[in-house]
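Chain order of the listed sequences is W and F.
For the first sequence, counting from 1, position 207 maps to 722 in the numbering used here; every step adds exactly one.
For the second sequence, counting from 1, position 24 maps to 121 in the numbering used here; every step adds exactly one.
A couple of the hints might just be wrong.
Cβ-Cβ distance ranges computed for the label pairs, FRET-style [as the list claims (entries may be wrong)]: (1) Glu-807/W / Met-120/F: 38 to 48 Å; (2) Arg-178/F / Glu-840/W: 51 to 61 Å; (3) Phe-809/W / Ala-165/F: 43 to 53 Å.
It is worth saying that the hints were derived from the structure and are not from the lab.
All C-beta atoms in this analysis are idealised placements derived from N, C-alpha and C, irrespective of residue type, glycine included.
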Amino acid sequence: MTSTDLILQGDRLALARLLTQIENESPDGLEALGLLYPHTGQAHIVGITGAPGTGKSTLVNQLALHLRKRPTLGDDTPPRVGIVAVDPSSPFSGGAILGDRIRMRDLAGDAGVFIRSMASRGALGGLARATAAVGLALDAAGFQIILIETVGAGQAEVDIASNAHTTVVIEAPSMGDAIQANKAGILEIADILVVNKADIPGADTTVATLRLSLEMAGSANTHAAVEDRTGSGRENSWEIPVLETVATKGEGMSDLVEKIFAHREYLTTSGGLKIREGKRVRSQMESLLREELFKRFLKGRPDGEFEETVQMVVDRERSPAQAIEELLKGKKL
Amino acid sequence: MVKKKIRVLICKPGLDGHDRGAMVVARALRDAGMEVIYTGLRQTPEMIAESTLQEDVDIVGLSILSGAHMALVPKIIELIRGQGQKDVGIVLGGIIPDEDVLTLKELGVADVFGPGTNTQEIIRTVFDLAGVEANDID
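Bound-form chain W, shown alone:
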């Protein structure tokens, strides 16, 4: 029996091994992923992002616990939940400490949950290069909800939005004033905003600030506005909720679960799901193409040429743009 057959039948070790191959971009892994691809597209992908220390892992733990108790729409059984937790790799050693499982111990022993830690391996944007592919493998393996936890994100790690169907942005009290809430970036990608640690002082102010910021953006948010232009109808637009949670105590989690299902429902009925799916696939293909072109370009050039060119730019003999132009023209530097 092939590894893809095993994975489709729910073999967890085969799945775990495939995820490793995908992370290492091995030819076997890519081939298996190709075979599994027709079985994907069933899962709802939820991105969980926010600054370091806002409680992402703890919230994912609670969210998965609650999801496992809630029958999915039109089905009596709770969804199987796959979790991909990304933590940063050291830019110096390439190593990483992946500590998200520490907060997810409540999920141990549940065969309906599969947790995989990933190091970002130098990718910027809050995810690892292979995160989308790992999500696909979990989707094929029958996990109906996939929670992707990004690295602790700053203001611009917004890749998750183009990889998830529903993006949950987590804030904690006292993380910034009204100007922070109005800056572009991470807050703009939220479908659901969560103020976690809502039991500590300052939470009310944070919630009020976020709500005000959303009102200033108008009742329709960025995504809805984009989707509206395609004729889905303004009356269907999604109003971004601002929820309060205390993930350590499990407070507010039922609301969050219901909002995620409501967003899924909204995407399905408004036609937004198809648009998002299109954007998601497009963004994945773009980045794959970019990487592949870069690899092929390097392959076709003399050894060390790229490094030498980098050095020339370091030495101020060329500007980066000039150097690239010359490399592309194949000029001998």
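Let chain W serve as the given structure and place chain F on it in line with the hints.
Relative to chain W, chain F alone:
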């Protein structure tokens, strides 16, 4: 294809709450370029086996200071081997009497590191067990 990354699970089985040693080792392995999954305190053998499977690690490092190693380690090895992970290297750190070290090695523990072990020695052992040359790592 990217170069192989060594993935290591570091965990604290049983009830002792002293994780400084585990943290020092995790940090040293990270600085040697490895991906270290740290699961925290008070892990049952079942939890450790589950993490070993889901994370598909090359090496499992167990830190035990409670004296319960003879109860915990054989069970952990049995579970990991039983779920089909025959080639995962299992190493142990902590306060382990010499006579137990022999028994544990017979059971399949690849190496045991006592107090005062140089982290470079641990790093070398992990590279060896994972079958990777240190300079293969980017």
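Enumerated hints in conflict with the structure, sorted upward: Every hint satisfied by this model.
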